[in-house]
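Colleague: Sequence:
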Amino acid sequence: MSVRTTTVLSEKGRKLQSRRRMKQNIPLLLMLLPVLVFYIVFKYAPMGGLVIAFKDYNFADGIFGSPWVGWKNFELLFSGANTLNIIRNTFVLSVLRLICGFPAPIILAILLNEVQRNWYRRSLQTIMYMPHFFSWVIMGGIISTIFAQDGVINQLIMMLGGESVAFMYNPSTWIGVFLGSDIWKGMGYGSIIYLAALTSVDPTLYESAVLDGANKWKQIWHITLPSIRSTILTMFILATGNIMDVGFDQIYVLQNAAVNEVADVISTYVYRIGLQGAQYSLATAMGLFESLVGLVLVVFTNRVAKFFGENLW
1 MSVRTTTVLS
11 EKGRKLQSRR
21 RMKQNIPLLL
31 MLLPVLVFYI
41 VFKYAPMGGL
51 VIAFKDYNFA
61 DGIFGSPWVG
71 WKNFELLFSG
81 ANTLNIIRNT
91 FVLSVLRLIC
101 GFPAPIILAI
111 LLNEVQRNWY
121 RRSLQTIMYM
131 PHFFSWVIMG
141 GIISTIFAQD
151 GVINQLIMML
161 GGESVAFMYN
171 PSTWIGVFLG
181 SDIWKGMGYG
191 SIIYLAALTS
201 VDPTLYESAV
211 LDGANKWKQI
221 WHITLPSIRS
231 TILTMFILAT
241 GNIMDVGFDQ
251 IYVLQNAAVN
261 EVADVISTYV
271 YRIGLQGAQY
281 SLATAMGLFE
291 SLVGLVLVVF
301 TNRVAKFFGE
311 NLW
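In my numbering, the protein residues as written are 1 to 313.
Treat the hints loosely; a few may be bogus.
Unchecked claim - With a straight-line cut-off of 30 Å between C-alpha atoms, the simulated DSSO-like cross-links for lysine-lysine are:
#: 1; residue 1: Lys72; residue 2: Lys216
#: 2; residue 1: Lys15; residue 2: Lys43
#: 3; residue 1: Lys43; residue 2: Lys185
#: 4; residue 1: Lys43; residue 2: Lys218
#: 5; residue 1: Lys43; residue 2: Lys12
#: 6; residue 1: Lys12; residue 2: Lys23
#: 7; residue 1: Lys216; residue 2: Lys185
Just so you know, the hints here were simulated from the structure itself, not pulled from any lab data.
Since we're looking at a predicted model, the values are computed, not measured.
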């Protein structure tokens, strides 16, 4: 048998194997189909609307019929008196949330992993996961009640001889409430992926460390954290992509006129000028700027992560 004949037969064998594998995976592909349709319809198709950022959009002419204005919307946007302050607020709050909130699920996962009694661990997990499933409207009401002038926190302060603090109306304390509420809501649910990663850590490593005299802190530092390093770096890269997206719901529910100097961010600005002010081109321009910044940060963080041997692509 010639080499050419052998090559043709091997290619036919690979094609048959590929078709057989495709037929075997038809149920899985059908299950994936709704997900693909969702992303195409609600994620990729709307990207065509970004052209509004370069047009003087109006309902009568539509997206493609509206007059082209080029970079005029961006020039108008960044020449505004409050634009730089809004971008600064968004960036500062996002960075603070990343610094304070990103380690919280990791720490919680490590602590839960150290709990020996299963019933106690499951009870703690249920309690920690619960805030994630409450909307920010409910969470905002709870937080506003707790930190109100006559709320639980201020009553405790006055019982200890102090004076009540306007937590929700002072910019510095409002930032603390914002960060604390974000950690409270997302910490439990965010720890799930780290708990899953911890299940892959070899228990014999801890046994060897105990024999070598390593205490619990050294076990966590030299075994636990290095074992889930790839998961941590991957989640960090994904988190940097949303660094300009503070989140509309939380800000909108918690903000008030007294703290607008630190609480007015891109999402609330887009809502105000887009839905309330009907300036759709300006709102789209700001949204496109936010997305581009997120893209640049993801690429940059991924390049940095390559130095640690981890990257997404």
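Colleague: The structure should be examined with respect to each hint, and the outcome stated for every one.
Modeller: Checked hints:
no., hint, result
1, Lys72 - Lys216, "59 Å, violated"
2, Lys15 - Lys43, "34 Å, violated"
3, Lys43 - Lys185, "26 Å, holds"
4, Lys43 - Lys218, "44 Å, violated"
5, Lys43 - Lys12, "38 Å, violated"
6, Lys12 - Lys23, "17 Å, holds"
7, Lys216 - Lys185, "28 Å, holds"
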